[in-house]
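With chain A held as given, fit chains B, C and D onto it using these hints.
Chains as they are written, first to last, in this note's numbering: chain A, 1 to 131; chain B, 1 to 543; chain C, 1 to 726; chain D, 1 to 327.
Keep in mind that the hints were calculated from the coordinates and are not lab data.
It is possible that part of the hints are untrue.
Stated by the list, open to error - On the chain D side, residues computed to face chain A include the following (Cβ under 7 Å):
{"#": "1", "residue": "Val61"}
{"#": "2", "residue": "Val72"}
{"#": "3", "residue": "Ala73"}
{"#": "4", "residue": "Ile79"}
{"#": "5", "residue": "Pro84"}
{"#": "6", "residue": "Val110"}
{"#": "7", "residue": "Ile124"}
{"#": "8", "residue": "Thr125"}
{"#": "9", "residue": "Ala133"}
{"#": "10", "residue": "Asp149"}
{"#": "11", "residue": "Pro155"}
{"#": "12", "residue": "Asp186"}
{"#": "13", "residue": "Leu251"}
Stated by the list, open to error - What follows is a set of in silico ranges between Cβ atoms, one per label pair, in the way DEER data are often shown:
{"#": "14", "chain 1": "C", "residue 1": "Met706", "chain 2": "B", "residue 2": "Leu169", "range": "22 to 30 Å"}
{"#": "15", "chain 1": "D", "residue 1": "Ala156", "chain 2": "B", "residue 2": "Ala61", "range": "50 to 58 Å"}
{"#": "16", "chain 1": "C", "residue 1": "Gly688", "chain 2": "D", "residue 2": "Ala156", "range": "50 to 58 Å"}
{"#": "17", "chain 1": "B", "residue 1": "Asp363", "chain 2": "C", "residue 2": "Asp301", "range": "53 to 61 Å"}
{"#": "18", "chain 1": "C", "residue 1": "Ala686", "chain 2": "B", "residue 2": "Ala61", "range": "44 to 52 Å"}
{"#": "19", "chain 1": "B", "residue 1": "Asp363", "chain 2": "C", "residue 2": "Ile607", "range": "47 to 55 Å"}
{"#": "20", "chain 1": "C", "residue 1": "Ala39", "chain 2": "B", "residue 2": "Val158", "range": "42 to 50 Å"}
{"#": "21", "chain 1": "C", "residue 1": "Val60", "chain 2": "B", "residue 2": "Val482", "range": "28 to 36 Å"}
{"#": "22", "chain 1": "B", "residue 1": "Asp363", "chain 2": "C", "residue 2": "Ile648", "range": "44 to 52 Å"}
Glycine included, each C-beta is placed from N, C-alpha and C at the ideal position.
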Amino acid sequence: MNAFLAPVSSAIASVSTALEGMGQAFSAASEAQIALSLAISALLFVIGLVGFMVRRNMIIMFLCTELMFQGAALAMITVARMHMDVSGQVFVIFILTVAAAEAALALGLVVLLHRRRETLSAEVWSDLGEA
Amino acid sequence: MSLIWTSILMPIIGAALVAVSSSKLSRSIALLATLGSLAALTLFAFEFPAWNNGQYHPLEAGPAWLDAAGIRLSVGFDTVSLLLALLTAFLMPLCILGSYTAVTERVKEYYGWFLLLGASILLAFAARDAILFYVGYEFTLVPMTILIAVYGGTERRVASIKMFLYTFLGSMFMLAAIIYVAWENRVSTGAWTFDIDTLTATAIRLPASAQYWLFASLMVGFAVKVPLFPLHTWLPLAHDQAPTAGSVILASAMLKLGTYGNYRFALPMAPAGGTELMVVVAVLSIIAIIYASLICWVQTDAKKLIAYSSVAHLGLCMLGLFALNPVGAEGAVFYMVNHGLSTGALFLCIGMFYERYHTKDTDVLGGLAKKMPVWASFMVLFTFASIGLPGLNGFIGEFLCLGGTFIAEHDGQSGYPGVLGPRFAVVAGLGLIFAAMYLLILLGKIVWGPLREPHHDAGHAHACLPTDLNAREILVLTPLAVACIWLGVQPQPMLKAIEPCATRMLAQYPDEVQRLKEREAQMASEALDATNLAQVPQQGGAR
Amino acid sequence: MSSANFPIPQAVVAPEMAWVGLALLLPLVSAVLCTICAAARLRGKWPAVFTVLALAASFVVVLRAYNAYSGPVQVPIFEWMSFAWGDGRFQQFTAPCALYIDSLTLFWMLFVTGLGTLIALYASEYMETEKGAGYARFFFGISIFLFAMSSLVMGDNLVMLYLGWEGVGLASYLLIGFDYQRPSAVAAAKKAFIMNRIGDLGLALGIFMLWANYGTLQYSQLFQAMNAGGQTAVDWDVSLIPFLLMLGAFGKSAQFPLFTWLPDAMEGPTPVSALIHAATMVTAGVYLIARLYPFFALHPDALATVAWIGGGTALLAATIGMAQYDIKRVFAYSTISQLGYMFLGLGVGTTYGACYHTLTHAFFKALLFLTAGAIMHGFAGQLDLRKLSGLRHIPGWRLVSWTMFIGCLWLAAFPYTAAFFSKDAILLQALTSARWDFVFLGWLGLFTAALTAYYTFRVWFRVCCGPVHFEPAADAHHGDAPHGAHDAHGPHGHENAHASKAGHAAEHAFHPHAPKWAISTVLAVLAIGTVAAGFPAYNEAFAHGTNWAQKMIAGSSAAAGAQIVEHASHAAETADIHAAHATVLGMEAHTGLLVVGATASLGGILIAAYLHLFSRASADALRRVLMGNWFTRWLPICMERKWFVDEIYHGLFRLPLWIGSQVLHFGDKHFLDGVLVDGIARIPIAAGKLFRPLYGGALQGYAVSMVAGVALVLAWMTWVWLRGFE
Amino acid sequence: MVPTIFYAASAAAAAALLMLLLPAARKVRTAGTVLGLASLAWILVTIVRAIPVTDSALGNVGMTVLCAFISVAAAVRVITHHRPVYSALYFVLVVISGAALFVLLSAEFVAFSLVIVYAGAILITYLFVLMLAQQSPSETGGADAVEYDRVAREPAAAVTCGFVLLAVLGSVIFASPRSAADASADQVAAVERAWADLGRMPDALLERARRTDPQVRMVVPRSNGAWIETQRDFTAVVSVQRVDSDIASDLVLSPAMLPENTARVGMALVTRFPVSLELAGVILLMAMLGAVVLARRQSELADDERRALAGLDRLAGSEASPARSRG
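Chain A on its own, in the form it takes in the complex (with noise of 0.2 Å):
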């Protein structure tokens, strides 16, 4: 039963010490959560990535970005936390800001797209090809 709620309990210690912010910052991380978590974020990459060559809908293509976004966010915010410097997260909240400068603009052209086609699919603007 300890043995059982161990990890539970120091996990719930851990988060708390985390939202203290204090002190950890400064400790070496574990290797293993570095791992894991630049792990996440190339998944969290990768499916954004096939997110965005499958899906035919424009917003969910951009949507997909967004995911991508997410996954680069995540390694940076990881890589920071191995250094123990900041600049990694700045460069993250740089990221937010793109992010949302790309978001504004993008669907304002799915909506501008969307007006001209009536429909959200991605196929209909071919016009790049040689036919």
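Relative to the frame of chain A, chains B, C and D by itself:
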């Protein structure tokens, strides 16, 4: 050196002028530019000091072009390349003069591209830097493709694309080989250079296996251009579709880039590889001779016939080159020049009746001696030059190529042991018979016999041309005829001049061939030992 | 293998004799002048004038050279193809433009240039209907021929010989195809050139082989090297040299495997047939073998092969000649047959006999052809001996008839004619040989002589004797007859009777024009020459003087003949001793041969007289009998159809090659180009089709390819990077 | 060895993703889900087993794994769900779990801004647009979504590319073991920088000094001109004047006195990346302007198009351009 650059740049400047001039003026500009180029080259030839030593002249390195890669604008000629460049420069004005009435649309572009073609061929022959050679060699494809694709016959697109891709693919191998040698040179000396002499010196020190691949890949590039069986199929189509002047330059100068490449790169750079693969190349050459000759026999298209005959003739040229003795090499080089003259002239002749009748089909057209006696005289002359009649130019090269092949096994006394020998010469000699056969059949169809003309009214659609040749056309053919006869009667100066180049090219071969022979003898004796060993227990068992 | 020393006189280098080169140069100059005449569109007889003058001048040059002759000389003129890459004997190639003049050369040149002049004169009248471009072209061809023939004979080396060899081929091609609008003439010209080329290849290979073994191609050096012993250096046996050279000789001289071009060559104008295809060019093979005679000892069977081919061809051609109806064709086959004799002579070892026969043959055969030409000229191209009769009785044709009679007597080797002596020399050598096969060939030759006499006089009796009757040929236009019709399909036996009826109508409308001065003069001169050609033999036989011809031959490389044969056949005695003691049919050899030869000749003439003069119907009857019988039927058919040699060649070589060519052509287009080349080109096209959907314009297609590219590049980079860590 | 297992797991994950993307039966999708979760677990376990976890970090790692499951599963749903609105909502889940991961990585400020900006602002915009472009049921043909939402485009190629990329990224994770020296050097540098940051925050410095020693009156610059000086043991020394004396004396600040994360981010923004900060502002401004322009253009274009369509209608038979759509 400035004369060399003058001869190369004159056509380029001419092309620039043509581009901004009017259509009417363009052909005169083109003619003047090519004549200027020829004049510059002739002047150079007069003061050329290296006729008798087989060396490059001038020898100093040119200005840097791409310094980081050691590519320099070095130009210079040895006898062989000078002869081939002179041939090119000699044919260019004739081609332009011959195109006066043949080209009526997009005239400016035609002459512009044609001049660029000539300039690039001259550059390839003049280059003493491998990359510069490659630039000239490869750039010929661009104007030629355009000449075929725009001014060609009905299948011009396919023909031009096939020509471009085929030869381009081949020259990629060649480029790779050159860069490989340059890299090896860089490894050993620490500096990049593409100077041909330096590369050759580096390449001959490579191990035999490296030379084998070096030779093979150089050969692939040049064999496409030559073209060697079975890489020849682009040529008949390209010739068939090209405008007359294009065919002339293609056959006379561009194909020579292939044989010249063998002379300049493949053979001297990779003697070990050349020795290994000599028999393969020789067999392919012989197949080319017989195969192309037989195909010529059943051709009904005059131009395709001459195109296939080029395949056969250049097969003989390659055979002479790969006899690996001075006789064959002399013959091959001589043949390069003379094939250019006689085949170029034949293409011009065919172009002249094509302009009048708009057909090259020997089943439809025939007996033109009745209507065009002057043309017929020239045609007969050039045909016999191509057949290799002694006293005309074709004979010298043919005879020496075959002779060189024949005596190739004549080791010990000539100083150049060989492998090919009489067996190869006999089979290749059949080509002489076939050459007479198909060319005389061609003559019999289009020159002799009762007059046959195509029925459609386009018979004499070309208003500005008389029935027989006009003065301009005679002016085009006469220098060629004079050259054909002169070189047949007085080949001596040229043979003397080629000789040092030939021996220089073959410098490494006596030793290599000797080594090969020793190796083979050793293998044979080992095989004999092996069979003897195998027999021993058998005999024991029998007892 | 043959280290025997043959007594070949050493040549002296004599640059001061360069004027002999005029004999080569003058015909070339006249060729150039003829070209200028053609270019200037002159319609006169200028080309003929130039040619005759040039040839006469070169004859004079040769005469002067003959007078000045005192031993073999080498006359350098200029360097033609010479280069060296070392100092060794085998490290150079030397083929200068130079002359080698010995008695054999002069012997040949005398009759070549002499006959050339006469025939050119004859042609100036014969060809007059062609005045203009054709006239110039004709004399251009004659001039080129004379140039090439001179180079062939006088050349100092085998490359010069080869130049002449092919040059006469060119002249022959141009002149056979003179009437180029007639397809049969064009085909004949082509056939002549190509069949000659087959021989030429043999010659070229022989030249290479000589070069490879002896390191030189100049006669004098070759003979020296020969005496010094050859150096076998190629993997082929050096004894193949004579066989390769032989092939060249057989091609040029129309011997057995390569003879079918000569009858077809009769498509050319008759002076051409006389000069090139009877008197001079076809003897080039004899000259070649005589010139390089020592080398024919390199293989013991080489000369025997020559003899067998010569004897066989003589018989074969004679049998065909018996059944031809076209006069020129009869003469053409007789030429082949006579050339066969010459080769027989060479083969059995009498170069004198062969060369002397060449000389006599040159005269009488030229005469015969020229009379045939005169008939053709006068009768609008008629040459069918069934359609001409009794020319002897027509005014103005007597000269022709009687000169033809002289020619026929000589060809039939009538006793005490020049040809009798020359043929005698050959047959004597054969019959008295120690080899049984040579003796057999001698008897075969005698039989052939009888056949020759028969078919020769068959012509003369048919054409010049009997009742006067003639039909002009269908084409009134002067030129050469359309032999093609008779050529392929044998005539039908009873034609004669009907033809004469049909011909009467034409007879009244048509008046043959008798020859004018040029033709008459030439015929007369030639007839005298024919008779005079016997002089050397008469001098020997009756005055016991020296035989000029024998002296000429004896001074040259051909003289090695007898010794070589003896050497080859391992006989102890020399030919002369052998001949002196030999017998023919129990009589002393010379007497015996006189009897036998006279019998053969007279027998043939008598049979011809019976069948073709006294009882012409019996000739048809004989033919009917032969044709009616199953067992003998093949004989006339084969003779008329020329033993089907052309057909056999067609089936054996030409057709398979042609089919092969078609297959290759198809394969080249559809397999090599279509399947292989285009097939390889289709791979990138197929790959492009595979990826094409990615680039249809939709954004994500580009995204996919971009990501794939990035992923691959990253993967590769990572792989490289990781390898660095391990 | 380890990367190989990771590749296998990634391949399994890719296969699962493909199964989910293909328009297949429910069973297949269920199998895909199971396989996907299993392979995700496999990936995570591979990582955890490859790198030893200290007990103290056990909690963090456990939480990270939990968040990983949530965020990856949600991300997959974003790209596989047929209805865009649900995709958007799943994306909110990704953002929230991502924020949790940020917190676990001691990036609280960013975590909260992420939730606020993304979940609060961006996603709402998306939802607005989705609603705006919502298809009516008639358009969807009775299915739960329109065709272009239901059918994936070239899933195989995309998944393959994705798999290769994942393998590459995974290799990088495994290939870079960090040495302890590196880690401690990072730590030293980070602490030093944090103390230096504190030196530039006078109020915070004073506050911390007072917290350490209530007697501190003021902090004064040290003899070398700096406000603060770092010690070896992560402590720092400041010069202070106590209430009771004018003489400056040293005061040692313990590591607990280090500035908190948010303060450091803020400090970095204004001291180390001021230009970037300005640029970000410009970008936002431009985006705003762009959105305005687009919105204006939109209505104009709509008018143009309506007019053009009307014109085209008059010219019978040339409806080519709209008909070219390949939907």
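Unmet hints by their number, sorted upward, for this structure: Hints 3, 7, 13, 16, 17 and 22 are the ones this structure does not satisfy, whereas the remaining hints hold.
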